[in-house]
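Each chain, letter by letter, is given below.
2 protein chains.
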Amino acid sequence: MVEKEEVLKAHSGGKIEVISKVPTDSVRDLSIYYTPGVAYVSEEIAHNRERVYDYTSKGNTIAIISDGTRILGLGDLGPYAAMPVMEGKALLFKKFGGVDAVPICVDTKDEAEIVRLVKDIAPTFGGINIEDIKSPRCITIAERLSKEIDVPVLHDDRQGTGVVVLAAAINAVKLAGKDRNARIVINGAGAAGYGILERLHHYGFRNIIVVDTKGAIFAGRAENDDLKERIASMTNPQKLAGSLHEVVAGADMLIGVSSRGAFTREDISKMASKPIIFALANPYPEISYAEAREAGAYIVATGRSDTPNQVNNLLAFPGLMRGMLDIRAKALNDEMLDAASMAISKGVGKRLSPEYIIPGILEKSHVTRVVPDVAAAVAEAGMRTGQARVMVAKEQVRKHAKELLKRYGRIERKAIGVRRV
Amino acid sequence: MVEKEEVLKAHSGGKIEVISKVPTDSVRDLSIYYTPGVAYVSEEIAHNRERVYDYTSKGNTIAIISDGTRILGLGDLGPYAAMPVMEGKALLFKKFGGVDAVPICVDTKDEAEIVRLVKDIAPTFGGINIEDIKSPRCITIAERLSKEIDVPVLHDDRQGTGVVVLAAAINAVKLAGKDRNARIVINGAGAAGYGILERLHHYGFRNIIVVDTKGAIFAGRAENDDLKERIASMTNPQKLAGSLHEVVAGADMLIGVSSRGAFTREDISKMASKPIIFALANPYPEISYAEAREAGAYIVATGRSDTPNQVNNLLAFPGLMRGMLDIRAKALNDEMLDAASMAISKGVGKRLSPEYIIPGILEKSHVTRVVPDVAAAVAEAGMRTGQARVMVAKEQVRKHAKELLKRYGRIERKAIGVRRV
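Same order as they appear, the protein sequences are chains A and B. Going by the numbering used here, the letters in the first sequence line up with residues 1 to 421, in that order. Going by the numbering used here, the letters in the second sequence line up with residues 1 to 421, in that order.
Just so you know, these hints were derived from the structure itself, not from any lab. Just to be clear, a hint being listed does not mean it is correct.
Unchecked claim - Below are the PhoX-like pairs computed for lysine-lysine, each with C-alpha atoms no more than 20 Å apart in a straight line: (1) K406/B to K414/A; (2) K109/A to K119/B; (3) K239/B to K134/B; (4) K364/B to K174/B; (5) K239/B to K228/B; (6) K214/A to K228/A; (7) K330/B to K406/A; (8) K364/A to K330/A; (9) K330/B to K350/B; (10) K414/A to K414/B; (11) K274/A to K239/A; (12) K119/A to K119/B; (13) K239/B to K214/B; (14) K214/A to K134/A; (15) K330/B to K364/B; (16) K402/A to K346/A; (17) K119/A to K109/B; (18) K346/B to K399/B.
In isolation and in its complexed conformation, chain A is listed as follows:
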C-alpha cells in the first residue's frame, strides 16, 4: 500500500486542468475562436440547437455529480472531501474513455435540489455520471434525472458495477456448467447490490436472494424501505428469512458488495457444487481469494489487482460513456447496459478459465480492444433502440475510441513533461 504522506504530496495542486484544443496565438485566432467570429457559432446553435454537439465541447464532456455522502468506503464526508475522488474519476474517464469529465461537488443533500441543479446545467454536458451519493437517494436521483433530462445519466456505482458483475457471472456460470436457474445470493443492498441484481435479473437469472444487514430481504419485511421492497419484488419468491450464513446453503453463486470478512469458509462449504464467489468489498474482500479457493470455491473474483479475476468498474464506465457520446445519446437503457456486459464478457476470448473470467484492466488490450468494443456495442444498442441522435457505423465508434485513447496518451506524455509551478 502507498503511504499517506506520499499520497498527499502527490495530490498537491490537484490532478486535472483545462486546456485549449485550438491555437490562440494570433489576433486572427482570437477573432475566430472568440469575438467577433464566435457570434456565428452562437447564432447557428440558436437556430438549430443540435448543432451544439458539432461546434462545442458538450458532445465530449460530462459532469461527475457527487454530494460526498458516500465517498468510497468512508461514508458522508461532504462535497469538499469528494473533490479528490471525483478528480481521480475524471482522470480515468479521459485516460480510458477519451471523455472530458468535470467534477461538480454539490453542497446540498436535498434530492429535489440536486435533480433541479443537474437539470439546469444539463445543456453544458453530453452526459452525466452520478457518483458516491448515499443509497437509496442516489437511485431516486439518477432515475428522476434519466426521465427529466435529454442526455444519458450513468449511475456508475450501480450500473457500472452491475454491468461488470453480469459480464463475469455469464462466464463463471458457463464454466461451472450452471445456467439461469443458478441460485444466487447477493450480500449488500446499496447502490452496487441493487445494480448487480438489476443486471442479473434483466439477463434472466430468477433465483436470487439479496441480503442486507438485517438478513434476507423478502416482500413485506418490516425493515424494508421503498428500495428494499423493490428488491423483494424481484427476488426471494419463497420469502426466505434468515442470515446470510443461513440462506447461502445450496447457493451456486455468492456475491458480496459488503465488507471485509463477511464470508466464511463454512459459508462456501454449504454451497452447491462448483461454488462461485465474487467477494467485491474494496480494498479488502469479504473473503480472500486464497481462502475462498481453499474452502472449495471453483471460481473466485475480487476487486483486487493482485489476484486473478479483478472485477472493476473501469471495465465498463469509460466504454459506456464513450459509446453514448459518439451517438449523442438521449438516454441509457437496459439494452445498452446489456451490450456492455456482453462485450466485456466476450473480451476474455479463448483465455476463458476459472482464473480468467473477465479481462484485466491493466492489460494493454483493455484500451486497445475492450474499451473500443464496449463503446461500439453500447452505441449499436443505443442506435437500435432509438436512443441515438446520430447514426454512426459501429466500426467507426470502435475506431474513434482507439484513436482518442491513442491521441490522449500522446498529449498526456507531452503535458506531464512540463513541470508544474
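Dock chain B against the given chain A, drawing on the hints supplied.
Then chain B, alone, in the frame of chain A:
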C-alpha cells in the same frame, strides 16, 4: 473579418478539453491518484476543509456561469448558444491568467434558482465568473452570490469593464490636464455602463451623468427600475433631463457602451476643450476612431484592435482572477478592483500619450508584465483588506503568474501539435 464557414469549421468538436496533471500509467499511479490512496486525501479534507485548496484543483478552477440571456451583442439566445462563447472565455482565462475555467450554461432564467445553483456547486470552485446574463438580473445575481458564497464572484461584464475603463480614464484625464471634477457622460446603463459608473464613482469622479435609451437618468424618473434608481443616486445631482445629444454639451469625457453610430461629430463639437471619447461598442464603435479625432477629440479609445487605445476586458479579468486564486480569496472588493485599475493604468509606463493611454492586449508585455502586475496588485489589496485565506508575498504572486503563463504556453504548443480525431 473572418468568414462564417471558416469559423464554424474551426469550432468543430469544441475548443477545450480536460487533461491530467499527473501520470496515470502504472498500477502504482492509480493507487496513489485514485483508490485506495485518494482516501487519505478525502479524510484529510474532511478533517480540515481548507486543505481542499492544497490537494485538489479547486484552488485554480473557476466556473463561468451564463444563462445565455445576453450573449455578446446578440441578445437572449439561450444556454446552448452560450456554450461556444463560454468556451472561448475559458481559453482566455487559461491563456492569459493560467486559470482553469469550466463553462456552466444553465437552463433557467430564475434569479433565485441561479443563485441557489451556484451556491450549491461552489465547493468545487475557487472563484465564479458571471457572464452574459441580462441586466439588471446579472447584477442582482452577482451581488447576492458575493454575499452568500465564500469564494470570489467576478462579474466581468460589469467589473472587468469598469476596471479597464477606470484605468484608461485615469491616464486620459491626466494627459488632458483634467481632474476628478471632469464632467463625464456614460451612454448605456446595462451591466457595463453601471460597472463603469461604479469604478469611476468609487475613484472619486462625482460629476457623472448616465444616459439610457430614454435619455439622462435622474432620481425619480418614471422609467427607472431599481438599478436605474441606484444609478441616479450616484449621478446627475442637478437632475438634468434630455437626450444624449443634449446632456453631452460641455462634457469632458463621453463614454459609450451602447451601439454603432450613437455618437456624432456634433456631439464632440459641443464638449469642453480636449474632449475624451471612449466609444466601446463592439465590434463597431459609437463613432469611429478616425471620425472622432477629426471632430476634435483629443483622446479616443475603442474596443477595436485596429486603432490605438483598445479598451478590452482581457486587460483585467485574467489578472484579477489570478490574484484572487493565489490568495484563496473569500471575496472580491472595491480595493482589489481599484488595485487592478492602478496596475493597468501604470502599465503604459513612459509611453503614455494620447495614442497610448492603455497597454495593448496583443503586446508581449501583456502576459509578461501587465497580467502579473494586476495579479500581484489584486492579491496585495485582498490581503490588506482581509479577503485572503493565505498570505503570499506580492512578488511571489507576480512570479507565479509569469511561470504559469509560460508553462501553459509550452503545454499548449505541445498539445495542439497532436492531431484531433
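The hints, checked one at a time:
{"no.": "1", "hint": "K406/B to K414/A", "in the structure": "holds (15 Å)"}
{"no.": "2", "hint": "K109/A to K119/B", "in the structure": "holds (13 Å)"}
{"no.": "3", "hint": "K239/B to K134/B", "in the structure": "violated (27 Å)"}
{"no.": "4", "hint": "K364/B to K174/B", "in the structure": "violated (26 Å)"}
{"no.": "5", "hint": "K239/B to K228/B", "in the structure": "holds (13 Å)"}
{"no.": "6", "hint": "K214/A to K228/A", "in the structure": "holds (11 Å)"}
{"no.": "7", "hint": "K330/B to K406/A", "in the structure": "violated (41 Å)"}
{"no.": "8", "hint": "K364/A to K330/A", "in the structure": "violated (31 Å)"}
{"no.": "9", "hint": "K330/B to K350/B", "in the structure": "violated (35 Å)"}
{"no.": "10", "hint": "K414/A to K414/B", "in the structure": "holds (6 Å)"}
{"no.": "11", "hint": "K274/A to K239/A", "in the structure": "violated (25 Å)"}
{"no.": "12", "hint": "K119/A to K119/B", "in the structure": "holds (16 Å)"}
{"no.": "13", "hint": "K239/B to K214/B", "in the structure": "holds (14 Å)"}
{"no.": "14", "hint": "K214/A to K134/A", "in the structure": "holds (18 Å)"}
{"no.": "15", "hint": "K330/B to K364/B", "in the structure": "violated (31 Å)"}
{"no.": "16", "hint": "K402/A to K346/A", "in the structure": "holds (18 Å)"}
{"no.": "17", "hint": "K119/A to K109/B", "in the structure": "holds (13 Å)"}
{"no.": "18", "hint": "K346/B to K399/B", "in the structure": "holds (18 Å)"}
Consistency note: the structure conflicts with the earlier hints numbered 3, 4, 7, 8, 9, 11, 15.
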